[in-house]
Amino acid sequence: MSPSTLVVRFGDPVTVNCSLRTLGFPLLGWEVSLASPAPTEGHFLVWSVDKMTEWSINPMCWALTDQGGQCDINLPLIVFKPPDSVTLSLLNHTGPMMEGNEYTLQCTVQGVAPAEKLSVTFYRGQTALVQTRTSNNTEKEPVNETLTWIITPSKEDDGAEYWCEATLKLGPEGPRHPPVVKSKRLTATVLYGPQIDCPPKLRVKEGESLECAVRGNPQPLVTWFRDGEAVALPAHSNREHAGYYTVSAKGLREKNLTVMVEVLPGGGAANSYNRCFLLAVLLFQTLHWL
1 MSPSTLVVRF GDPVTVNCSL RTLGFPLLGW EVSLASPAPT EGHFLVWSVD
51 KMTEWSINPM CWALTDQGGQ CDINLPLIVF KPPDSVTLSL LNHTGPMMEG
101 NEYTLQCTVQ GVAPAEKLSV TFYRGQTALV QTRTSNNTEK EPVNETLTWI
151 ITPSKEDDGA EYWCEATLKL GPEGPRHPPV VKSKRLTATV LYGPQIDCPP
201 KLRVKEGESL ECAVRGNPQP LVTWFRDGEA VALPAHSNRE HAGYYTVSAK
251 GLREKNLTVM VEVLPGGGAA NSYNRCFLLA VLLFQTLHWL
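Numbering-wise (full-length UniProt numbering), the sequence shown opens with residue 1 and increments by one.
Bear in mind the hints are in silico, worked out from the structure with no lab data behind them.
Any given hint could turn out to be false.
[Stated by the list, open to error] Below 30 Å or equal to it, Euclidean Cα-Cα: the simulated BS3-like pairs (lysine-lysine) are:
#1 Lys117 / Lys169
#2 Lys169 / Lys182
#3 Lys182 / Lys51
#4 Lys81 / Lys169
#5 Lys155 / Lys255
#6 Lys169 / Lys184
#7 Lys140 / Lys51
#8 Lys169 / Lys201
#9 Lys81 / Lys51
#10 Lys117 / Lys182
#11 Lys205 / Lys250
#12 Lys81 / Lys184
#13 Lys184 / Lys205
#14 Lys255 / Lys205
#15 Lys51 / Lys117
#16 Lys140 / Lys201
#17 Lys51 / Lys169
#18 Lys255 / Lys201
#19 Lys201 / Lys155
#20 Lys155 / Lys184
#21 Lys182 / Lys155
#22 Lys182 / Lys140
#23 Lys140 / Lys81
#24 Lys117 / Lys140
#25 Lys182 / Lys81
#26 Lys250 / Lys155
#27 Lys140 / Lys184
Throw the hints in and build the complete structure from the sequences for me.
Given below as structure tokens:
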């Protein structure tokens, strides 16, 4: 039989040749529910279909022997159809996600056959998270399938794009480039923080500004306190600004951090200004003495 295994897209033509290699078989035929050809006394018989219109079909070539027996050869045949559409959503959830909570990505595949050959891959950006397959659905006609994957988003996932793609794993007899259907991208909004990136002891040089990086979604409101009073941070620090401060960040929740500020001499803009001022005074005095 040629081919010995057949994978055909629904609606495409089919041609399979069943032939005899030895004598002793007076009659050759096909047993098939679609376009079955008449038996022949020849050595080959072609089963041909203009359009494959059945989902579950089991062709069998048979040959009668001189002794009245019968030899049968079944043709493994897979009729497939790519998905009509693929969509990605969050199961039982809409809107932003909370950092550290579990959420279920849901990939819905519409109108695919056969379901047992379906393969779905979940992605974050260009990184494949997991490839999962269905194997318990033996339905041959097109069905809708839903596959899921659990994620636990972090702050790094804020703004990340999730998507999924569906393809049919049809083996070496299938198309060289199996059709792939992708979902639209789902942009994640992750609520987190606030996160205060500041060491317990903050060392700055004279003339430098005091600052700590504060991140969060929503954007945190940051206030610095000294001795219980809100203060504006100096653009150019000096030694009077040394001491203990409390950084208060209000966003998704409130977070406070106590920081000891140490102002070191030299290097900053204020220190450079002081050096220039002293140099000018000395130069003026020298010229005055001359």
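Consistency of the hints with the structure:
no.	hint	result
1	Lys117 / Lys169	holds (5 Å)
2	Lys169 / Lys182	holds (15 Å)
3	Lys182 / Lys51	holds (27 Å)
4	Lys81 / Lys169	holds (12 Å)
5	Lys155 / Lys255	holds (16 Å)
6	Lys169 / Lys184	holds (22 Å)
7	Lys140 / Lys51	holds (17 Å)
8	Lys169 / Lys201	violated (59 Å)
9	Lys81 / Lys51	holds (13 Å)
10	Lys117 / Lys182	holds (17 Å)
11	Lys205 / Lys250	holds (28 Å)
12	Lys81 / Lys184	holds (21 Å)
13	Lys184 / Lys205	violated (51 Å)
14	Lys255 / Lys205	holds (27 Å)
15	Lys51 / Lys117	holds (22 Å)
16	Lys140 / Lys201	violated (68 Å)
17	Lys51 / Lys169	holds (22 Å)
18	Lys255 / Lys201	holds (18 Å)
19	Lys201 / Lys155	holds (26 Å)
20	Lys155 / Lys184	holds (22 Å)
21	Lys182 / Lys155	holds (26 Å)
22	Lys182 / Lys140	holds (22 Å)
23	Lys140 / Lys81	holds (10 Å)
24	Lys117 / Lys140	holds (10 Å)
25	Lys182 / Lys81	holds (15 Å)
26	Lys250 / Lys155	holds (17 Å)
27	Lys140 / Lys184	holds (27 Å)
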